[in-house]
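Listed here are the chains, written in short residue letters.
There are 10 protein chains.
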Amino acid sequence: MDFLVHMEINGQPSDELLKKEAQRARELAEAGILRRLWRVPGRRANWGLWAAATADELHAALASLPLYPHLDITVHPLATHPNDPGSVGGPGRVPQT
Amino acid sequence: MDFLVHMEINGQPSDELLKKEAQRARELAEAGILRRLWRVPGRRANWGLWAAATADELHAALASLPLYPHLDITVHPLATHPNDPGSVGGPGRVPQT
Amino acid sequence: MDFLVHMEINGQPSDELLKKEAQRARELAEAGILRRLWRVPGRRANWGLWAAATADELHAALASLPLYPHLDITVHPLATHPNDPGSVGGPGRVPQT
Amino acid sequence: MDFLVHMEINGQPSDELLKKEAQRARELAEAGILRRLWRVPGRRANWGLWAAATADELHAALASLPLYPHLDITVHPLATHPNDPGSVGGPGRVPQT
Amino acid sequence: MDFLVHMEINGQPSDELLKKEAQRARELAEAGILRRLWRVPGRRANWGLWAAATADELHAALASLPLYPHLDITVHPLATHPNDPGSVGGPGRVPQT
Amino acid sequence: MDFLVHMEINGQPSDELLKKEAQRARELAEAGILRRLWRVPGRRANWGLWAAATADELHAALASLPLYPHLDITVHPLATHPNDPGSVGGPGRVPQT
Amino acid sequence: MDFLVHMEINGQPSDELLKKEAQRARELAEAGILRRLWRVPGRRANWGLWAAATADELHAALASLPLYPHLDITVHPLATHPNDPGSVGGPGRVPQT
Amino acid sequence: MDFLVHMEINGQPSDELLKKEAQRARELAEAGILRRLWRVPGRRANWGLWAAATADELHAALASLPLYPHLDITVHPLATHPNDPGSVGGPGRVPQT
Amino acid sequence: MDFLVHMEINGQPSDELLKKEAQRARELAEAGILRRLWRVPGRRANWGLWAAATADELHAALASLPLYPHLDITVHPLATHPNDPGSVGGPGRVPQT
Amino acid sequence: MDFLVHMEINGQPSDELLKKEAQRARELAEAGILRRLWRVPGRRANWGLWAAATADELHAALASLPLYPHLDITVHPLATHPNDPGSVGGPGRVPQT
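Residue numbers (our numbering), protein chains in the order written: chain V, 1 to 97; chain R, 1 to 97; chain S, 1 to 97; chain X, 1 to 97; chain D, 1 to 97; chain A, 1 to 97; chain G, 1 to 97; chain P, 1 to 97; chain E, 1 to 97; chain Y, 1 to 97.
If you're looking for bench data, these hints aren't it; they were derived computationally from the structure. From a predicted model like this one, the values you see are computed outputs, not experimental measurements. Be aware that one or more of the hints could be misleading.
[Unchecked claim] Derived Cβ-Cβ restraints for the label pairs, each shown as a range:
{"#": "1", "chain 1": "X", "residue 1": "69", "chain 2": "S", "residue 2": "15", "range": "44 to 52 Å"}
{"#": "2", "chain 1": "Y", "residue 1": "8", "chain 2": "S", "residue 2": "15", "range": "47 to 55 Å"}
{"#": "3", "chain 1": "P", "residue 1": "22", "chain 2": "A", "residue 2": "60", "range": "13 to 21 Å"}
{"#": "4", "chain 1": "Y", "residue 1": "68", "chain 2": "P", "residue 2": "74", "range": "23 to 31 Å"}
Ideal Cβ placement from N, Cα and C applies to all residues, glycine included.
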């Protein structure tokens, strides 16, 4: 199941914390949970496409981020859309190269 | 450049109009402009990932939708994020054909 | 997975439509999808507790309601909470038949 | 009478405080006041189903939580709905196993 | 239990409907449910103080108003306050007949 | 003239300050300015019914509260409603026992 | 007592209705109730400074406007400010005839 | 050109700062820029009527207030209204000395 | 004086009305009142940069638009900024003919 | 591509920081990225017209501002409008003297 997730960072994280965050993001991407991530221009904020079996699995992933205590997160659950181009070759999925 | 687009449909479109909408969505997907589309559960609304060189190109694509006169659309411009799995060839990537 | 769902009814549904709605609600309750339903006092609105494997299954259930074209629906995905009495067999539990 | 209660935790409570909170939640569950509790995914927030004879009894329960000084709480009063599956076997009640 | 209730009237009710509304308001006042009512200056809206044992009883009273189909109602549950003059026989008291 | 007043307390007032607040509330009740006060369940907030000849008199009363520097106050002016049960025996007044 | 009043006109009133509105505004100005009126640029809306002994008197004046059924009105009660030039005979004063 | 200006004071200014503010307000009133000022009852906030040739002149006046660093200011530009009593020599007029 | 103006078109204007709107926009541009105009992508809405001596002059220009009865307009007054490239003859300048 | 950008400054920047900000603004203006800048009267806020090939280029420019850590920024993407006076002599461009 896909989730659209918006994150806003409160305060100014240190470079070390940002490096840990990038490392954890890589792990979550490899686990197939974090699928895409975009920066909101002009803000310390991002929109992400996340995939998880349940809201519990999603919460565990989000709470594992080193920046989690500084994040203001909003989760939008997503259903598949019949016109989704990504669903060609599988229901709603992001094709894996 | 990527755009996150939210659409809400006003009223109840006819089946014929929905068929035309699906056809146009396919064309925009083939043109590489409409990349992904998800339904908001419980609503006649969707979140979409769109790619266009400029806001003009995006507007032309959105205004070409048969449902356009019935849509309430909000556009969020997206910048690339260093932690985006899609930008480094990772498993969550949306293929750049 | 549980979802908290808020519904607001637009307009005044006929008695016949309300009877069909009650019938469909019974079916969704028997299927274990609609778990609880409360009226918002003073409004043609309700809060409901729904259970579905995915947002797709939830959307299918909501869209199957006879009142669906007249409903303004908002879905809140729910994760389990360690202090939930329902999750440890306590007195407040919603039985998992 | 049922109440839907939303809580948002300000700041980062200590482990000790969280343990006390869990203990008090258990007591309120045993007293039949706290019926269900769900986490809002990605947030230090929850939705709960509470039962109390009056708003006074509800307030006393909420104010007895060790985290209370850190909570931003919103209370939604609930009326029974004729289509509530939980009302089979009693008006509006959560069946007790 | 007291409830603070805000009502906004949609449209322009006929004189006959307003007369029926006044009659029903008198009955609810005699039943001790409607305690006070104030007009919002400049608007077809009011704030009211209502007393009911439960949200169900309150909903039944509100839904019995002839204007109910035209009302946009918001209910605020009220708890007692230790500094309430009404609760200690002071001059501002709403008599509990 | 009646005013509906909503107050939200910022921070955690000391017991001593709360005692002074209760004392000042008693004086304002005796002066017939503070008529009723209800707690918002789950919040350090209240709804109050205040009576004052003008907004100046109301402001003076509110600003005389020991908690005033910590209060976020919203004032709703009230007009009399023809259906107000309290207006039996006088225009808009709360009957005095 | 002064009130700041915001009005938004719904729909397009006829020239005849606007002429009646202007006539009634003149009467309310002569009665000293309507003190000042400004148009919100680009909108069929205005901000006005009104003076009335009570919210009842203000409501009666507002409800006497021929456009009243088409107006969305918000009332802000005003208290005197020690730095008000109008209150000390300064150049910005609204004369109290 | 007239402007309706809303100010909210953050924090608790010292008596000395308030005295300086009053002195500067007098100067701006004498210069014909600050015309009227009202307190929002129950809040450290005010509504003011300001006159300036341009937004630049208005900004210079507002930024010259000793409290300026503590103010949250919103400016509403005003156009003349044909029904304004102040514009036809009526009783509500702000004299243009 | 510059104004930032946001317009939202309600409904679907006819081609003839749009042609008249374009003609009037040309006239206002030639008069130096309408300086720039951008479409909000995906919406029948625009952001415009307008120049007028007063809010009255601006209102007259906006109200002269053939689409005016269908427009929802919000006006933001603008002051000059010391870092504005346009104000020092820089490359981004809007020429003051 | 043009962007309308709103910035709000949190806190009180030092004179030195403001001088650095002005210097960076000049560089961005010379690079043709910052086109126009207006102050919001009465606020430490501005509206700006920015030009960048993509949201990435815009974000890089915004993040290069010395004040960036203190800015709350909102970006509105702009499409060209057929009635834009600036587009005479080139699609959507601000003419360069």
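query: Could one say that the CB atoms of residue 69/X and residue 15/S fall in the range 44 to 52 Å?
result: 50 Å, holds
May I ask you to test the hint 47 to 55 Å on the CB atoms belonging to residue 8/Y and residue 15/S?
-> 53 Å, holds
Given the range 23 to 31 Å, decide if the beta-carbon distance of residue 68/Y to residue 74/P lies inside it.
Since residue 68/Y and residue 74/P have Cβ atoms about 25 Å apart, the given range 23 to 31 Å holds.
Per the hint of 13 to 21 Å, is the separation of the Cβ atoms of residue 22/P and residue 60/A within bounds? 18 Å, holds
Comparing the model with each numbered hint stated earlier shows that all of them hold.
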